[in-house]
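Quick note: the sequence shown, position 36, residue 36 per full-length UniProt numbering, numbers continuous.
The hints are simulated quantities; they were obtained by calculation from the structure and are not laboratory data. Some clues are possibly wrong.
Stated by the list, open to error - What follows is a list of derived Cβ distance ranges for each label pair: (1) 56 <-> 175: 38 to 46 Å; (2) 228 <-> 257: 22 to 30 Å; (3) 271 <-> 131: 22 to 30 Å; (4) 175 <-> 267: 37 to 45 Å; (5) 234 <-> 273: 15 to 23 Å; (6) 187 <-> 38: 29 to 37 Å; (7) 224 <-> 35: 29 to 37 Å; (8) 275 <-> 220: 27 to 35 Å.
As the list claims (entries may be wrong) - Listed below are the simulated DSS-like cross-link pairs for lysine-lysine, each with C-alpha atoms no more than 30 Å apart in a straight line: (9) 225 <-> 158; (10) 59 <-> 26; (11) 100 <-> 276; (12) 276 <-> 106; (13) 59 <-> 274; (14) 177 <-> 214; (15) 59 <-> 129; (16) 225 <-> 214; (17) 214 <-> 26; (18) 80 <-> 106; (19) 177 <-> 225; (20) 181 <-> 129; (21) 97 <-> 59; (22) 80 <-> 104; (23) 274 <-> 106; (24) 129 <-> 97; (25) 80 <-> 26; (26) 100 <-> 129; (27) 80 <-> 214; (28) 181 <-> 158; (29) 274 <-> 100; (30) 214 <-> 158; (31) 158 <-> 80; (32) 104 <-> 274; (33) 80 <-> 181; (34) 177 <-> 26.
Remember, predicted model here, so these are calculated numbers, not experimental data. Ideal placement from N, C-alpha and C gives every residue a C-beta, glycine not left out.
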Amino acid sequence: NNNNNNNNNNSYWLIYFDGGWFCYSKESCNLRRLYSPNLMTSNNLNEKNSFIGIFSSFKQYNIIYVPYCSSDLWSGSSNKTHSHGSDIFHAIFDDLKIDKNFQKAKQIIFTGFSAGGLGLLLNLPSLLKQFPTHIDLRVIIDSGWFIDYPGSINGISKINEAMIYWNTQIPSSCQLKPQYKCFLGSEAIRLFPSRVSILVIQSLFDQTQLHLDKLNTHSNDFSLKLIENLRQSSNRISIFAPACSIHGFLFRSLWPQFDIEQRTLASVLNAWLKRKKRTHVQLIDHHFDSSFCPQRDDDEI
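Can you make the complete structure from the sequences, with help from the hints?
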């Protein structure tokens with residue numbers, strides 16, 4: 001979906017890759033098709049859903065919303081009816097490269113939610129090297145910063161099994177072994193060109209990661225390890241990490257109001273957009289007691 005607000009001369013772009021879990025076998029993908037058919041096809045795409053949340057704050061931008069229907073963390077190239085995420089990802093940019101308006105871009109913000117964020121971490125580093133150096137390239141990872149949690153073989157082994165099923169395409173820029181590490185933020189971040197500015201928005205009590213790793217949601221141990229992991233990359237990224245028991249921020253109508261110590265996500269995003277490449281905005285709720293987490297029923301996915 002492309003919404004350019006009838007402004008064909010606009011040189012500012014926001015490209016949003018959506019998320020929505022994954023399936024990793026014939027059985028799990030059949031269940032997904034049965035219970036979540038909208039995650040297996042873009043035929044039923046709801047126009048309203050593609051312009052909520054962050055999009056209303058970027059009305060001056062050309063907006064490209066990319067639905068997630070490949071069920072493979074944007075990584076696969078299989079001969080099945082699904083798991084073509086890598087092919088779709090690169091086809092989009094093949095199309096954009098010949099778009100005359102896109103060729104005039106001054107700023108491009110790549111945004112990925114959940115699986116979309118993992119897709120950006122995997123696919124973008126090699127792709128961004130092809131962009132002219134005068135373009136201001138920015139990346140927002142919304143709830144896609146997963147960590148290699150010790151003792152949680154369940155989550156990672158599932159990804160390993162899935163990558164074979166998807167025929168995952170690992171870019172040559174990522175030589176990590178085992179290959180699932182190419183999806184991990186702290187590893188992938190090192191492969192991005194240094195001129196690219198990155199903002200990570202990640203809840204310290206992310207329900208999806210706790211579910212994937214089958215962890216006790218009442219324990220702070222995971223959250224402390226996540227903070228440590230984010231801080232290890234702090235020389236490279238801007239961070240907004242509140243203590244909210246949710247998954248995903250920017251698709252919510254109330255996204256601007258999340259705050260840590262009275263600094264809102266909207267103000268952090270604005271500050272980050274104005275920053276030069278080498279300086280970072282970083283807010284982490286270290287003691288899990290300084291976050292405001294607004295919620296509305298119609299925001300839940």
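- Query: For which of the previously enumerated hints does the structure constitute a violation, in increasing order of number?
  - Reply: 10, 18, 22
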